[in-house]
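According to my numbering, the sequence shown is numbered sequentially starting from 1.
If you're looking for bench data, these hints aren't it; they were derived computationally from the structure. All residues carry an ideal CB built from backbone N, CA and C; glycine is no exception. Heads up, a few of these hints could be off.
Computed beta-carbon distance windows for the label pairs [as the list claims (entries may be wrong)]:
1. 21 x 57: 30 to 38 Å
2. 11 x 60: 27 to 35 Å
3. 24 x 53: 26 to 34 Å
4. 60 x 6: 30 to 38 Å
5. 38 x 58: 25 to 33 Å
6. 6 x 52: 13 to 21 Å
7. 59 x 9: 14 to 22 Å
8. 9 x 57: 29 to 37 Å
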Amino acid sequence: MSEQYVNPFDEPKNQFIVLINHNGQYSLWPEFKQTPSGWRNTFGPADKAECIQYVESNWQDIRV
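Full structure from sequences and hints, please.
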């Protein structure tokens, strides 16, 4: 029997956190994974939709 690998972003039961780095860039990250170096938690854990809404409400376009 073959093993199925599921992308954690596609799994509806997963909780996520929103990370931010020193450049003000945001990243959606699965709660169960270790936070990468250079990033810090700024929101969550919450479901994916809540995290996306947080990013959309707080992200400022750095190109402006």
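Hint check for residue 9 and residue 59 - Cβ pair distance inside 14 to 22 Å: Hint holds: Cβ distance 18 Å, inside 14 to 22 Å.
Is it true that the C-beta distance of residue 9 to residue 57 lies inside 29 to 37 Å, as the hint says? With a Cβ separation near 20 Å, residue 9 and residue 57 fall outside 29 to 37 Å, so the hint is violated.
Determine whether the Cβ-Cβ distance between residue 6 and residue 52 falls within the hinted range of 13 to 21 Å. Given range 13 to 21 Å: holds, Cβ gap about 19 Å.
Indicate whether the distance between the beta carbons of residue 11 and residue 60 respects the range 27 to 35 Å. Hint holds: Cβ distance 30 Å, inside 27 to 35 Å.
Go ahead and decide if the range 30 to 38 Å is satisfied by the Cβ distance of residue 60 to residue 6. Holds - the Cβ-Cβ distance for residue 60 and residue 6, about 33 Å, lies within 30 to 38 Å.
So does residue 24 sit 26 to 34 Å from residue 53, Cβ to Cβ? violated, 18 Å
Could you see if the CB distance from residue 21 to residue 57 stays within 30 to 38 Å? Check failed, 18 Å falls outside 30 to 38 Å.
Between residue 38 and residue 58, does the beta-carbon spacing fit 25 to 33 Å? violated, 19 Å
Hints 1, 3, 5, 8, counting from the list given before, are not met by this structure.
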